[in-house]
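A.B. asks: Given only the sequences and the hints, what does the whole structure look like? Please build it.
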Amino acid sequence: MHEWMAELYPICRSITGNGVRETLGLIKRQIPLTVHEVATGTQVFDWTVPKEWNIRDAFVKNPQGERVIDFQKSNLHVLNYSVPVQARISLDELKAHLFTLPEQPSWIPYRTSYYEERWGFCLTHEQMLGLRDGHYDVCIDASLEDGHLTYAECYLKGETADEVLMSRHVCHPSLANDNLSGVTLLTFLARYLSAVPLRYSYRFLLIPGTIGSITWLSRNETNVGRVKHGLVAACVGDSGRFTYKKSRRGNAEIDRAVIHVLQHGDAPHEVVDFSPYGYDERQFCSPGFDLPVGCLMRTPHGRFPEYHSSADNLNFVQGGALGDSLAHVLAVVEVLEGNRVYVNQNPRCEPQLGKRGLYRMVGGSASSGVDELAMLWMLNLSDGRHTLLDIAERSAQPFSALKTAADALVSHKLLIESHVGAFVDPAVSRH
Amino acid sequence: MHEWMAELYPICRSITGNGVRETLGLIKRQIPLTVHEVATGTQVFDWTVPKEWNIRDAFVKNPQGERVIDFQKSNLHVLNYSVPVQARISLDELKAHLFTLPEQPSWIPYRTSYYEERWGFCLTHEQMLGLRDGHYDVCIDASLEDGHLTYAECYLKGETADEVLMSRHVCHPSLANDNLSGVTLLTFLARYLSAVPLRYSYRFLLIPGTIGSITWLSRNETNVGRVKHGLVAACVGDSGRFTYKKSRRGNAEIDRAVIHVLQHGDAPHEVVDFSPYGYDERQFCSPGFDLPVGCLMRTPHGRFPEYHSSADNLNFVQGGALGDSLAHVLAVVEVLEGNRVYVNQNPRCEPQLGKRGLYRMVGGSASSGVDELAMLWMLNLSDGRHTLLDIAERSAQPFSALKTAADALVSHKLLIESHVGAFVDPAVSRH
Amino acid sequence: MHEWMAELYPICRSITGNGVRETLGLIKRQIPLTVHEVATGTQVFDWTVPKEWNIRDAFVKNPQGERVIDFQKSNLHVLNYSVPVQARISLDELKAHLFTLPEQPSWIPYRTSYYEERWGFCLTHEQMLGLRDGHYDVCIDASLEDGHLTYAECYLKGETADEVLMSRHVCHPSLANDNLSGVTLLTFLARYLSAVPLRYSYRFLLIPGTIGSITWLSRNETNVGRVKHGLVAACVGDSGRFTYKKSRRGNAEIDRAVIHVLQHGDAPHEVVDFSPYGYDERQFCSPGFDLPVGCLMRTPHGRFPEYHSSADNLNFVQGGALGDSLAHVLAVVEVLEGNRVYVNQNPRCEPQLGKRGLYRMVGGSASSGVDELAMLWMLNLSDGRHTLLDIAERSAQPFSALKTAADALVSHKLLIESHVGAFVDPAVSRH
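Protein chains in written order, with my numbering: chain A, 45 to 475; chain B, 45 to 475; chain C, 45 to 475.
Careful, some of the hints might be misleading.
Note: identical chains are not told apart, hence a pair may lie in one copy or across any two.
[Unchecked claim] Calculated cross-link-like contacts (lysine-lysine; reagent style DSS-like; alpha-carbon spacing at most 30 Å): (1) K399 with K72; (2) K399 with K117; (3) K95 with K399; (4) K447 with K72; (5) K399 with K139.
Since the hints were made in silico from the structure, they are not lab data.
C.D. replies: What follows is the structure in structure tokens.
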């Protein structure tokens, strides 16, 4: 995963333009992808699709004609979405257009100006301190013109039209954890899921941040009712502990599934309540949609010093962390896929498991195998009002052990799967 | 406030009589007040308005003719509501009528006998130990005759007939924290509120304890439905931390408003559940009324050693504590007044705050101002099902910051105030 | 209780057979008992009543003809439900039929094989290590033939047909804590309750484990709706702290009653959630019945090393612990019997307790007697929506103090008992 991510790293992406197209082109080699182009000026709810931005080169030359700030060395050097400029200006005039991180003097900050037309350069604080008085040649060879906003969907059809939405923005230039780690995770997840039978249909969105989710929601307003569960995968490549931010609903099935997986894994983790600041879950969870979409991260945005700087590079993201994040998301998918309602066919007293070979033969021993206990829980709570996840939460047994028990009991006709869905059980919702 | 309170301090008050009238007369110089007189013998629910008690003088003279216990020195010396007496008795006979505090030998206790006709004197334990054998002249020049019970109301009319009830008993003689601190707070609060526009109407009750609230409820039984919120203000002048005792309902808006103010302030505080022992909230919260009335105190009755003794004097109450208590009650009033329901006019995705000048212009920075966050919370939860207080509780933002954000969003037509009121949101009621 | 238990101790019980009959015969001398016999082969839900097992003698003789394992010395030596056998076999062949506890080398384990026909012996590990090579004479003089399963009911008729079910299995041979302590407790409880007036009817079940409760439920399927509360009393004679395992419902009245008694007593205790592993509550709480039946234990099955071994003997059970367990169950019965709904006849404001002699006469003192507070709680919450147990939980007052207060208030016509039952109060259910 890390190797593949490295291919995406050098591209200069933004919320529109060829950087996104090139990135989606590389992803399309891995998974089926439909690329959408939405024209500049299109109204999307309260917003308007902006002009398309493309950049070829940019530099600042000192009085000696040396490129002291050079887009070719790092695409972070340009204020993302800068309007074109070509001028000779004094150092003082130049400084009004420079951004640095004084507290991290060797890192280049990442800055954007999407909705106000301006130009600027980002550089290390050390670089700026080295600039001497004199006139500087400034050049941003960019275009900001009518064009398109580009985003892509990968749709994997399952048994039902009910959808799981997986989303990550794809608008950041050479930044690794934010956002390439999430893009990579979703690409590998989609590749894996495309090869297995699925109950739900899965829709992967690779979109520019904010304006991308707003555009997608605007064009899919009548279809979002199909979204039963959703996850934004963000900053999943650093070595920090997991952070899961719950959906606005707070107790949606996706929330409970992720929490279950985290609680039964051995990785450190934290669960935080929804707040309306963060990634595209802000739009999915706006009150007019209120979709059950949470956000899985390792260290959240803004909580690691490398965030939005040149230090969020390929070294900052670790292959092991990426793989572990993918494994956790797969476990969440397994919970969503397997979260059925079963009905005990023998609800009055326990069935005699022994005569079916499902129970230890010599009684009296104090210890009971975990699997027996999982079967007893499945039988006891499969009254048509509990999903498998309900039972996992109440019993504190791992979902996978209960699923194995359920399969064994189904094969002995002691349980059948209900196709009506679970009745709401207020007693369980308290757990 | 402390200076004004000192004027009320010397008056000998009781549950009836001229002491209450004189006190109400001083209050009437500050705020509009309607004084009510209810005749002795009037039936008020299970109770009967008692005879009116007035006292002119009282003393005990030792065998040498010296006034060893003297009402003129402290009105606490007389068992409050003593029947008149004039007699010469032995020390042993006298002792059956004396009350002291052996554990605080230099303090005079405060004792009453409203509903059993008896007489007695209260004195310091040191005084009692100094009494020598011999015959004592005892005199209580009081009257206990048919008359009236006196109480007062200050009514401030607001936009609606819905009322906030503020109550404090006014029946204690020279005791400062219990009850003059509360009387003073309510007087100053009423004076302040009489000068500002109000959404709710406010009714301040200055009543004798227990029999006063029972009398008021008895005479206003058909009107109490207008009481939407209420507060008993008791013992608010000592230097202890705040104690808020919740209403019987336990999660009434007044409970949540006071708790919010305390949690977002920096004063130490404790919140305790309702119990049917305490002040007039006992009557307001009796099961036949169950009004949403809580009780704000600093150190609760019976928890400070000076309670109901001569040590609860003007030195015990601190002007700073009184003012701080008033500030907290005013903050509660601000929550009640401002607790509206707003409806997001742009509920699908976030509105573009930037084009309205409501958002930082250069993206990419990790930090977001608090006010932006307050706006995002208001937009996200203003779905017609959340009051501003609901949003404050869920977001952990201070009410005032959300109110400021709401005002800004209303002025940009992004929110409008709902006049339907909030739908119940079970998800929020869990917070 | 301990002495009487000692009479039951030597009998060789199993899930069927004369050992159970003999045990029930001894119990019948103490309490009215109806003994039921259910024929082998009877279908009881998913199970079949097994053949009846009876044993007269059993031994293993070493090559010298000495009884090295002897049923006459301890009935635990035989694998319970062993088929008859008479053979001369090698030590190696014998060892395949031997059970020991290597970690407790001087204890005989207790083992059963009800549903697979086999034979075996249990012995101390020390004994087994002493067995020398050679041929052994093996004899189990038992019968496993068509017959009956035996169980008994003691029914105490109360005012209503609503029942409290008390159950304990009676199928273990010479084991004291599991199960004779529970059998003894229920016998003494039934003897006590048979002499007092009762609101509920009480049904005591003395049944073989698992198959007994399944058989009883199968034969009483249409009557179990009468069971309003139930308790399995298990392992109640050791010196460990109490463990209460809640019913599947989790907040049934029996759960709340037991928890109240434990919380207001001074014995250490733990409350655990229902799980489908344990005693006969597994069957009572199967999803098709879901009866409100909990399980009161001291140290739970499998948590004390002596469990299911010869060390669970008469010395292991302590008379004091048994008596204390009985006292706790009696306190639970008192809660169930006394858990009425009262209606305040004077719901608007407090009634004047003083004029009825129910209140301290001299006001102003800081301290209030507990009984006054209990009366105030009863008056405040007796709005027809709170049971006495609801009030006990909310007020944190002991049930017995509230009951005394309720009786006093009823005698003064301030409360009357409601015969409608309590309305559900969501505010209280949160407690």
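A.B. asks: Could you run down the list of hints and mark each one as holding or not?
C.D. replies: Results for each hint:
1. In this homomeric assembly, K399 and K72 never come within 30 Å of each other (Cα to Cα): the closest approach is 54 Å inside a single copy and 35 Å across copies.
2. For a Cα distance limit of 30 Å, the shortest separation of K399 from K117 qualifies neither inside one copy, at 73 Å, nor across copies, at 34 Å.
3. Taking CA atoms no more than 30 Å apart as the test, K95 paired with K399 passes between copies only; the shortest distance there is 15 Å, against 72 Å inside one copy.
4. With identical chains, the CA atoms of K447 and K72 are never at most 30 Å apart, being 34 Å at best within one copy and 48 Å at best between copies.
5. Taking the shortest alpha-carbon separations for K399 and K139, only the inter-copy value of 26 Å comes in at or below 30 Å, while the best intra-copy value is 84 Å.
The structure is inconsistent with the numbered hints 1, 2, 4, although it conforms to all the rest.
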